[in-house]
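Student: Read off the chains here:
2 protein chains.
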Amino acid sequence: MDDFLKIRRRPEFRQEIISNNLEIVKLAIASSVSKDTFIIQAISTIDDLDKLCNLLTRRVREWYGYYFPELSVHIEDDEIYIRQILLKSKEEFMQEFNLKVSMGPKLEEKDLEAIIGLVRSVEQLYSERESIIHYLKELMQEHCRNLYTVVGALIGAKLLQKAGSLKHLSQMPSSTIQVLGAESALFRHLRNKKIRPPKHGIILSHPLVMNARRDMRGKRSRQLAAKISIAAKVDYFKGEFIGDKLKEELEK
Amino acid sequence: MDDFLKIRRRPEFRQEIISNNLEIVKLAIASSVSKDTFIIQAISTIDDLDKLCNLLTRRVREWYGYYFPELSVHIEDDEIYIRQILLKSKEEFMQEFNLKVSMGPKLEEKDLEAIIGLVRSVEQLYSERESIIHYLKELMQEHCRNLYTVVGALIGAKLLQKAGSLKHLSQMPSSTIQVLGAESALFRHLRNKKIRPPKHGIILSHPLVMNARRDMRGKRSRQLAAKISIAAKVDYFKGEFIGDKLKEELEK
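Read top to bottom, the protein sequences are chains A and B. The numbering used here applies: residue 1 is where the first sequence begins, and numbers increase by one. The numbering used here applies: residue 1 is where the second sequence begins, and numbers increase by one.
Be careful, since some hints might not be right.
No copy is singled out in the list; a pair is fine if it fits within one copy or between any two copies.
Simulated crosslink set (DSSO-like; lysine-lysine; CA at most 27 angstroms straight-line) [to be verified]:
id	residue 1	residue 2
1	LYS162	LYS137
2	LYS26	LYS88
3	LYS6	LYS233
4	LYS245	LYS137
5	LYS199	LYS219
6	LYS137	LYS106
7	LYS51	LYS162
8	LYS252	LYS35
9	LYS35	LYS110
10	LYS90	LYS26
11	LYS194	LYS167
12	LYS194	LYS233
By construction, these hints were calculated from the structure, which means they are not laboratory data.
Start from the sequences, fold in the hints, and give me the full structure.
Tutor: Below is the structure:
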């Protein structure tokens, strides 16, 4: 016993314990990164890229607009606008839209090249966004297949993001899931009961709610939230695949 | 005369006049786009790209950080961080920094591929930013060579952007140029005379002002603004190249 105490007091011993402990903790931290984390990172990145693409497309509409202002009127969708610029020249567009004179001046090769370079970058961002969506879908299919089947990849991932993890989402009552993402409206209601509570948060963008009549939306989102809650619970406890059944019940 | 009036009243005649006028106006608009416009567009795009690169690099630091958190501590510069990730693998980094254990877990090929895809996009944005800076330099050299020589491409373009055009910049008194970009501080001073007026706006980032002692900065920026004002006037009226002389005088 005395020997042991002596060993313990030796500085090398302490240091070894500390360094071993540190490595154990590092490994523990390493193993705490779960698939949830990547789903949340992926959906956050998609949100970021959305914002950036919008910002840069606005810039392109302004800059390319000096060269060919008429195009912005003819193509409203941002992504199509960007891709079309890379495909066709101004002359081809003018033939296509039956324009005789453009309000934009002729540009030197160098000026046009600078704009097109920017357009190419924006297109590349759009492609990157798509490939991350693709990756997100794969992740969701593996990790929370039921949730994915009921609401799709984007809405499912956003719910996960708001909840923080699949575990938290699975523990939430369906009424919370229903208003997830509408927190500001919910608290406005809680502070002042005269203001009605929100009927839907993130799940508003689900087609079942979106395409419903206005007075049916509350009911639809309640039903949808109930199914999401079941799906999340089954996913978390690695249950069977029941997404198809849930979806069928919803559509009825 | 009567014949002429008859012709004028014919609807085809009116329509022809209208359509001809329209085309003339379109051509006039086309020719109103000057080099100024492109300089301003280029510098705005560079600003945008700066913002985006920051945002995306923060995202990468978070996402890649789950895989290899130690790297963010070792490389502080954003651009180098991004470029290094593409050059080396985690194992190589760990050897380089003498790390035994990483707090990040091993990832599946697919997960890592998604992150690297994003990193590649960010790197591409950095390159795009550089090529637009290159383009801006060329533009400035052609269009306002004196201004470019005195303050460089980025500061010169920012002054142009704030002023709206080279014409406006050339008409400004040098005291206005001195505080261009510090409007909020200037108006704070004008509302409340107790607050001192700003000593410099955009031109603060010029090395002559930046590297001066604190109490010398006001003087330096006044001198610099005076030279900028001369340079802009000469550039606008397409005078000779006197940038070298102006710069020399400043450096004395």
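Student: Please go over all the hints and tell whether each is borne out by the structure.
Tutor: Comparing the hints with the structure gives:
{"no.": "1", "hint": "LYS162 x LYS137", "in the structure": "within (18 angstroms within a copy, 45 angstroms between copies)"}
{"no.": "2", "hint": "LYS26 x LYS88", "in the structure": "between (54 angstroms within a copy, 22 angstroms between copies)"}
{"no.": "3", "hint": "LYS6 x LYS233", "in the structure": "neither (53 angstroms within a copy, 85 angstroms between copies)"}
{"no.": "4", "hint": "LYS245 x LYS137", "in the structure": "within (20 angstroms within a copy, 62 angstroms between copies)"}
{"no.": "5", "hint": "LYS199 x LYS219", "in the structure": "within (9 angstroms within a copy, 62 angstroms between copies)"}
{"no.": "6", "hint": "LYS137 x LYS106", "in the structure": "between (45 angstroms within a copy, 21 angstroms between copies)"}
{"no.": "7", "hint": "LYS51 x LYS162", "in the structure": "both (18 angstroms within a copy, 25 angstroms between copies)"}
{"no.": "8", "hint": "LYS252 x LYS35", "in the structure": "neither (33 angstroms within a copy, 62 angstroms between copies)"}
{"no.": "9", "hint": "LYS35 x LYS110", "in the structure": "between (47 angstroms within a copy, 12 angstroms between copies)"}
{"no.": "10", "hint": "LYS90 x LYS26", "in the structure": "between (58 angstroms within a copy, 16 angstroms between copies)"}
{"no.": "11", "hint": "LYS194 x LYS167", "in the structure": "neither (34 angstroms within a copy, 58 angstroms between copies)"}
{"no.": "12", "hint": "LYS194 x LYS233", "in the structure": "neither (34 angstroms within a copy, 64 angstroms between copies)"}
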